[in-house]
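Colleague: Please work from the sequences and hints to get the whole structure.
Here is what each chain is made of, one letter per residue.
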Amino acid sequence: MDVSTSPAIAVEKLTKIYKGIVAVDGISFSLRRGAITGLLGGNGAGKTTTIAMIMGLVTPTSGRVSVLGSDMPRQRYDVLHRMNFESPYVDMPMRLTVRQNLSVFAQLYGVTDIETRIGQLAADLDLGEFLDRPNGKLSAGQKTRVSLAKALLNKPEVLLLDEPTASLDPDTADWVRTRLETYCADHRATVLLASHNMNEVERLCERVIIMKKGHIVDDDTPQALLTRYGREDLEEVFLDVVRGRAREAAQ
Amino acid sequence: MSVLEFSPSRVGAMVRRYWYLLRSSWPRILDLIYWPAVQMIMWGFLQSYVAQSGSGFVKASGVFIGAVLLWDILFRGQLGFSISFLEEMYARNLGNIMMSPLRPAEFITALMIMSLVRLSIGMIPVSFLAIAFFGFNLWSLGLALAVFFLNLMLTSWSIGIFVAGLLLRNGMGAESLAWTFMFLLLPLACVYYPVAVLPGWLQYLAWALPPTYVFEGMRALLIDHVFRADLMIQAFAFNIVLFAAASAAFLQLLKSAREHGSLIQGGE
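Chains as they are written, first to last, in our numbering: chain A, 28 to 278; chain B, 38 to 305.
The hints are simulated quantities; they were obtained by calculation from the structure and are not laboratory data.
It cannot be assumed that every hint is accurate.
As the list claims (entries may be wrong) - Covered by chain A, according to a simulated footprint, are these stretches of chain B (three or more residues, beta-carbon under 8 Å): (1) 54–64; (2) 110–124; (3) 287–298.
Stated by the list, open to error - Here are some, though not all, of the chain A residues that point toward chain B, as calculated from beta-carbon distances under 8 Å: (4) THR75; (5) ALA79; (6) VAL85; (7) HIS108; (8) LEU135; (9) PHE157.
We put the CB at the ideal spot given by N, CA and C, even for glycine.
Modeller: Structure below.
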């Protein structure tokens with residue numbers, strides 16, 4: 028298969044069952060290289076479990092995930108240095124300064140010129156002012172920027188973002204989205220973005236996958252979804268789906 | 038690139054991460070010295086008291102202080118390993134680590150190095166305190182001390198690796214094991230008394246534990262002035278088996294953690 032045309036992420040009949048509870052139920056999708064795709068769904072829809080299986084942190088009960096042509100989690104060490112993630116469910120050590128944290132992760136990811144890379148990210152994400160401050164003494168917005176810097180340290184080809192702008196004020200959230208857009212445009216990175224913020228998804232994503240109770244219930248461009256559901260914005264589409272009005276609304 | 042690939046640079050990154058943490062917090066450093074010092078002083082005075090009561094060999098040989106210092110190498114070695122691992126869970130950083138290219142063997146190596154660093158910070162000053170307070174010079178054991186140390190560290194790392202696996206699989210609910218697991222060995226490894234004191238059936242169990250050979254070897258050296266190389270070789274052989282078993286258990290528990298989703302929970 029031609030590497031440039033093969034999907035960045037391919038998910039086939041992916042299922043995850045925790046102690047008899049089905050978290051993800053036989054979902055399939057593939058993401059083309061360079062695309063930003065939104066993953067929507069209410070709490071417990073299976074978004075985080077899906078992302079965790081793509082990252083190789085969770086082993087699927089059945090089905091298959093491949094990232095940049097490598098099976099996850101079996102061949103994860105072939106691709107982990109080419110991907111990265113950001114999630115509100117993880118933090119960076121609080122007592123280490125931003126510079127120390129970024130420097131440690133840069134070394135883990137095999138970044139060659141660490142100081143230069145940190146300097147670039149500090150300029151791009153406006154971290155200069157607090158680069159030598161402990162992570163625990165940053166505001167929520169500053170921490171998000173640092174987490175994003177960590178996620179971009181290795182110039183990843185695949186970026187998995189789980190609610191990257193949660194708990195941010197609208198101004199900071201908009202600022203983060205702009206930086207993400209710039210990075211993806213510059214590096215042709217593939218992004219899978221799980222979010223509850225419909226404006227964010229509408230603005231950034233060329234495609235939206237909607238999950239409910241472990242299933243994919245819809246998968247299309249934001250515009251096509253709006254047309255199909257006859258709604259003004261994605262938030263209304265989302266409410267139609269999670270409240271079970273999907274079928275009638277779509278009809 | 039396989040799971041077997043080993044990068045000293047990634048190990049160095051993790052050691053740097055723990056070193057930054059340690060040097061940023063004076064209570065953490067003080068804690069490394071405080072308990073070993075209290076423990077050594079208490080056992081030192083007990084030894085002086087017992088010696089005054091007529092057991093002359095106790096004072097002459099310094100077996101209690103020797104035992105407590107070697108026990109601290111075993112216990113603090115494991116604690117140094119486990120606390121560094123727990124720091125990742127306290128900081129909710131485990132997801133970042135597990136998602137990075139860091140291999141399990143590199144992670145474990147970094148934790149082993151940190152256990153040595155933490156142990157050195159704690160035990161070196163305490164060993165000098167033992168000279169100052171009680172005239173017991175641990176360093177005078179020379180090569181024997183190096184062999185004792187090697188065997189005790191291998192055991193402490195094996196227990197540390199196994200406990201880390203349990204933490205990965207069970208989350209913070211297993212945290213207390215990091216602090217208490219080694220105490221299971223305290224009566225069985227015959228730290229303060231000879232194996233002969235145990236009932237016959239329990240002696241079989243005691244001789245299955247590598248530290249038992251070290252503490253018997255220490256008593257042979259301090260009381261009879263004989264270095265028992267045979268005991269040290271047996272301890273080393275048992276340690277190799279223990280280390281291999283702990284590493285296999287860690288990998289199995291990591292696999293199980295991936296299956297049960299524990300790596301993204303990390304909580305109770």
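Colleague: Failing hints, ascending?
Modeller: Hints 2, 9 not satisfied by this model.
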